[in-house]
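The hints should help you fit chain D onto chain G, whose structure is shown.
Chains as they are written, first to last, in the numbering used here: chain G, 1 to 209; chain D, 1001 to 1172.
Everything labelled a hint here was simulated from the structure, so no lab data went into it.
Among the hints, a few may not be true.
Said to hold, decoys possible - Footprint (simulated), chain D over chain G, 3 or more residues, beta carbon under 8 angstroms:
#1 91-99
#2 111-121
Claimed, not checked - Over 10 angstroms on every C-beta distance to chain G, these chain D residues come out as not near it, computed from the model:
#3 ALA1011
#4 GLY1025
#5 SER1034
#6 PRO1068
#7 ASP1080
#8 ARG1113
#9 ASP1121
#10 ARG1128
#11 LEU1166
Backbone N, C-alpha and C define an ideal beta-carbon position, used for all residues, glycine too.
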Amino acid sequence: MSRTDLYPRGDGTGLEPVETLLKQEATWATPPATVESTILSEITGHPAEPEARRESRPRSRWPVVAGLGAAAAAVVLFLGLSLPGDQGAPETVVALRGTGLASTLEGTATVRITEVGWYVRLDVAGLPPAPEGTYYEGWVVSDRNAVSIGTFHMRGGNEPVVLWSGVSLFDYPELEVTLQEEGGGFAPSDQVVLTGRMDRSAFGDEGPG
Amino acid sequence: MDRQVLDRFRAGDEAAVKTVYDRFGGPVYALSMSILGDPDLAADATQITFLKAWRAASTYDPNRSLGPWIYAIARRTAIDLHRKRARDVPSDQVDVVFVSPGLETAWEVFEVRAALDQLPDDERRVVRLSHFEGLTHVEIAEHLGIPVGTVKSRSHRAHRRLNEMLRHVLET
Chain G
1 MSRTDLYPRG DGTGLEPVET LLKQEATWAT PPATVESTIL SEITGHPAEP
51 EARRESRPRS RWPVVAGLGA AAAAVVLFLG LSLPGDQGAP ETVVALRGTG
101 LASTLEGTAT VRITEVGWYV RLDVAGLPPA PEGTYYEGWV VSDRNAVSIG
151 TFHMRGGNEP VVLWSGVSLF DYPELEVTLQ EEGGGFAPSD QVVLTGRMDR
201 SAFGDEGPG
Chain D
1001 MDRQVLDRFR AGDEAAVKTV YDRFGGPVYA LSMSILGDPD LAADATQITF
1051 LKAWRAASTY DPNRSLGPWI YAIARRTAID LHRKRARDVP SDQVDVVFVS
1101 PGLETAWEVF EVRAALDQLP DDERRVVRLS HFEGLTHVEI AEHLGIPVGT
1151 VKSRSHRAHR RLNEMLRHVL ET
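Pulled out of the complex, with its shape left as it was, chain G reads as follows:
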């Protein structure tokens, strides 16, 4: 067994000059998903949730989810209700329900049509941080296909997560959140955490005919 089999780091890889950087946390650090959403919100003229990234809601774990069920259920009443967005853009709130991993988990997805794509804000206060080596991924799903709308891990708190879809939710009305293994490929895993369906009629005349 060669030395690189035993300790396949800087030695012999040609990366010795940057080995120190490859070992430091900063090099691998991932910005919170809210950074991108805030930037895009500023640019598109839709104000981001005020201080969303700094909100410090109490962090909940799976066992606590059941206790939140009743409160979250009240939010579900918004299902299908079309509301004007911050800038008058049409939006609706979709109820999300836990499946499999957390059947009592509930939350909402605020869906808004913008000029650059579909804004999808997930509010799921009871969603725990993804275990190390895994992450959450949002999907919009049609009868035939699933399209990723972004990834997140919830390790920095329980603030809302904003994702963006480049495909129309009129064509991909199902929303899903899955738990994905890092390095596990690009397809949605079987570990569906949350699911919901957008009611296209909620957009009224904004809908596709």
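Chain D alone, transformed into the frame defined by chain G:
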């Protein structure tokens, strides 16, 4: 990044900004973390950097590489945030008096992270596990549940790609 995106970015196109963020968000955040050492401040710095870039996009020359332009904004933004935190340090002297181990290697961190982000996910995972987590090929294979030979081939490809992408850094 193709010329069409750069032209649209220069024109202030929102979708192009998202494309630019997808490409440089990680490097900017890594650079900010390296200089500031604080996740919240680094997030602020990243956000400010891209908003500054968007507002100044018309001054960007699309014939030049976008990375160094974004890097310059990000570095200055991180230093300014550090100065605001530290207070009492005049802006024009900040480079002289600013002491941060991250400042000296800011460009390298930016470039290394940019290269890492261009690796396929499975190769980046192997590089992270070996360099950052300190695992051997055998341990990585066990961790990922894949054959050692697969780890070796991914590692080999990843390092070859990184050497190509980072040649300008490695040779300095």
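Verification of the supplied hints:
no.	hint	in the structure
1	91-99	violated (count 0)
2	111-121	holds (count 3)
3	ALA1011	holds, 13 angstroms
4	GLY1025	violated, 6 angstroms
5	SER1034	violated, 4 angstroms
6	PRO1068	holds, 18 angstroms
7	ASP1080	holds, 17 angstroms
8	ARG1113	violated, 6 angstroms
9	ASP1121	violated, 6 angstroms
10	ARG1128	violated, 6 angstroms
11	LEU1166	violated, 7 angstroms
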